[in-house]
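Trainee: With chain A's structure known, arrange chain B on it following the hints.
2 protein chains.
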Amino acid sequence: MDERVKEHARILVDWCTDVSEGDDVVVTASPEAHELVVALHDEIGERGGNPLTLYSSDEASRAYMKAHDGDFSLPEHSLAMYEEADAAIHVRSDPNVSAMSDVDGEKLAERSRVTKPIQEERLSKRWCLTQHPTNAHAQNAGMSLAEYRDFVYSATLRDWEAVEEYQEELRERLDEASEVRVVADETDVRMSVDGMNAVNSAGRNNMPSGEVFTAPVPDSVEGTVHFDKPLIHQGREMEGVRLTFEGGVVVESSAERNEEALDDLLETDEGARRLGELGIGTNREIDRFTKNMLFDEKMGETVHMALGRAYDENVGEGREGNDSAVHVDMILDTSDGRIEFDGEVVQENGEFVWE
Amino acid sequence: MDERVKEHARILVDWCTDVSEGDDVVVTASPEAHELVVALHDEIGERGGNPLTLYSSDEASRAYMKAHDGDFSLPEHSLAMYEEADAAIHVRSDPNVSAMSDVDGEKLAERSRVTKPIQEERLSKRWCLTQHPTNAHAQNAGMSLAEYRDFVYSATLRDWEAVEEYQEELRERLDEASEVRVVADETDVRMSVDGMNAVNSAGRNNMPSGEVFTAPVPDSVEGTVHFDKPLIHQGREMEGVRLTFEGGVVVESSAERNEEALDDLLETDEGARRLGELGIGTNREIDRFTKNMLFDEKMGETVHMALGRAYDENVGEGREGNDSAVHVDMILDTSDGRIEFDGEVVQENGEFVWE
Chain A
0 MDERVKEHAR
10 ILVDWCTDVS
20 EGDDVVVTAS
30 PEAHELVVAL
40 HDEIGERGGN
50 PLTLYSSDEA
60 SRAYMKAHDG
70 DFSLPEHSLA
80 MYEEADAAIH
90 VRSDPNVSAM
100 SDVDGEKLAE
110 RSRVTKPIQE
120 ERLSKRWCLT
130 QHPTNAHAQN
140 AGMSLAEYRD
150 FVYSATLRDW
160 EAVEEYQEEL
170 RERLDEASEV
180 RVVADETDVR
190 MSVDGMNAVN
200 SAGRNNMPSG
210 EVFTAPVPDS
220 VEGTVHFDKP
230 LIHQGREMEG
240 VRLTFEGGVV
250 VESSAERNEE
260 ALDDLLETDE
270 GARRLGELGI
280 GTNREIDRFT
290 KNMLFDEKMG
300 ETVHMALGRA
310 YDENVGEGRE
320 GNDSAVHVDM
330 ILDTSDGRIE
340 FDGEVVQENG
350 EFVWE
Chain B
0 MDERVKEHAR
10 ILVDWCTDVS
20 EGDDVVVTAS
30 PEAHELVVAL
40 HDEIGERGGN
50 PLTLYSSDEA
60 SRAYMKAHDG
70 DFSLPEHSLA
80 MYEEADAAIH
90 VRSDPNVSAM
100 SDVDGEKLAE
110 RSRVTKPIQE
120 ERLSKRWCLT
130 QHPTNAHAQN
140 AGMSLAEYRD
150 FVYSATLRDW
160 EAVEEYQEEL
170 RERLDEASEV
180 RVVADETDVR
190 MSVDGMNAVN
200 SAGRNNMPSG
210 EVFTAPVPDS
220 VEGTVHFDKP
230 LIHQGREMEG
240 VRLTFEGGVV
250 VESSAERNEE
260 ALDDLLETDE
270 GARRLGELGI
280 GTNREIDRFT
290 KNMLFDEKMG
300 ETVHMALGRA
310 YDENVGEGRE
320 GNDSAVHVDM
330 ILDTSDGRIE
340 FDGEVVQENG
350 EFVWE
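In order, the protein sequences belong to chains A and B.
Per numbering that gives the first Met the number 0, the first sequence starts with residue 0, numbered consecutively.
Per numbering that gives the first Met the number 0, the second sequence starts with residue 0, numbered consecutively.
The shape of chain A in the complex, shown without the other chains:
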């Protein structure tokens, strides 16, 4: 076994989810991540935890979705499992990132709505989302598997304590700011983050990570954003998404590619038309876009915004965050733009002013 797989497993079990004796852990992985599944069992066993591993397969999910009449019920066994779990490790490892592409978007959205309590329960635990390098993701990124493995592990096997320290200046400033403005190509958007909590994301919930993020005040977003990087939601790839906000709500939307998927997303529920997250990427180890949000949104010199649900940890006391069954990140390049907190420039042409 590649030593890096073992190191990856150790980071997931220690830094990300802090597994110790008696902890009940839900691992989710596809057969493509078999080596990591074995390594995780080793590490969880050593710490005296209890792994329960879910078989994740988009091919199976597609078969299920195609066969189902769309009148979904809540899987109580899945909810009960997460209620009793202490930690959840979700490993992305699809053998085909387009495996769900011919499933009806409205049906997927309905399923998301019905299973939302499970998602919420999972996110209330110590949870982590990570990537195992597979041929499908390598191909999607235009790389060989060996090259992609190097890419994934160089972004992942890092000193996360040092990353956390590096990001603290940005977190403090964002936490104290009332208004954020982002100006870039075809983009000028403002939003209030007053009373919201900025989070220093250094690999607890996302592995790899490298971002500082917060939640916008839901009705405060005003302006236009051009997300110039591709994104994938439920297996459907979109490109060139443009959104215009008034009073926090998307009032105009378009996509250069797969506008239908964008429309389905916006129709999920009321919250899918509002922002739930504003994030600023800091991870310069991620040196290229790979059409994988887990990496893309962490890249240095980018900003991302998510339609949908806000994370509880971002929502300040007495404040309300956006609520939705979905959370879909979209990215724009700020290497030729700027970010302002309360009128003061904090990043210009990709460089933080204190760097």
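Derived from the structure by calculation, the hints contain no laboratory data.
Any given hint could turn out to be false.
Unchecked claim - For lysine-lysine, the following DSSO-like pairs were computed, each having C-alpha atoms within a straight-line distance of at most 30 Å:
no., chain 1, residue 1, chain 2, residue 2
1, A, K5, B, K65
2, B, K106, B, K5
3, A, K115, B, K124
4, A, K290, A, K5
5, A, K106, A, K5
6, A, K124, B, K290
7, A, K106, A, K124
8, A, K5, B, K106
9, B, K290, B, K65
10, A, K65, B, K5
11, A, K106, B, K5
12, B, K124, A, K124
13, B, K228, B, K290
14, B, K106, B, K290
15, A, K65, B, K124
16, B, K115, A, K124
17, B, K106, B, K65
Mentor: Just chain B, lined up with the frame of chain A:
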């Protein structure tokens, strides 16, 4: 996809577990059974059920067992999941039937003891154990994969309603009997089945099936049995097991091969030294031993007895069945022997007297 995989999935979901709208189903399978996992998602989706699929891997279990210090705790998330489930489909599909062979037997037995409530919860639902043909099981049976597929599907894709009807005569007689005696090579054993319930097993819980079974009165077993067929418990193969019973308890034991595994098994708990099941195989479609209990015990002209836990369904009102964390079946050939119910011969040289 092989049409037989789809037909197998339909039988599992209809005849075995009767999945209908809103049912929460736990599927357990290894990556080797991927096609069947996809087919099951299709069939469960069509019926409006909710599949939750567990990633089964002896390789991962071995890593976990090796790394763990042996002081196990009950996985509450797993128990909660089964409590809320309506049905459970367990697919045997190991890529290596010996994957657990170097794990300490006492440690495995301790883990079985600690996780017994999960096992009990699972067996209280509509559950089914089945086999997906893999190279490992084919090799273990001394067959090519193509030949083994034919073997598995000819034993599995049957008219189970007709099988149920065929077995009813035997079930009625065993149900009414007080004492059963089995005489064969180096074997002469008697046991009371008085007040116990004989079950006509035609593929609800085991797929394939083809047997009629009951539970012995735990302290009634007297005599000696030579199990002349190999058996595997937790990945460890034993051969030539001989047991002598007095007052229902094993007082002498030996094995021609892997006696240590037999000793570990007998030491699991008090109930592991008593019988929990007596079964009579009727399935003549299973035309050879394949070192796989799911098939072997169903073979016509054989009898099997299980050390350990009795099935609730066999235990008559006011009676007590044997209790244990394990249930391990052992087989003997009766093609040159005989079976008596209350002194009356019911099978001689493999033929039932009413055939």
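Trainee: So, for every hint listed, does it hold in this structure?
Mentor: Results for each hint:
no., hint, result
1, A:K5 - B:K65, "holds, 15 Å"
2, B:K106 - B:K5, "violated, 38 Å"
3, A:K115 - B:K124, "holds, 26 Å"
4, A:K290 - A:K5, "holds, 25 Å"
5, A:K106 - A:K5, "violated, 38 Å"
6, A:K124 - B:K290, "violated, 43 Å"
7, A:K106 - A:K124, "holds, 27 Å"
8, A:K5 - B:K106, "holds, 24 Å"
9, B:K290 - B:K65, "holds, 26 Å"
10, A:K65 - B:K5, "holds, 15 Å"
11, A:K106 - B:K5, "holds, 24 Å"
12, B:K124 - A:K124, "holds, 28 Å"
13, B:K228 - B:K290, "holds, 8 Å"
14, B:K106 - B:K290, "holds, 24 Å"
15, A:K65 - B:K124, "holds, 27 Å"
16, B:K115 - A:K124, "holds, 26 Å"
17, B:K106 - B:K65, "holds, 9 Å"
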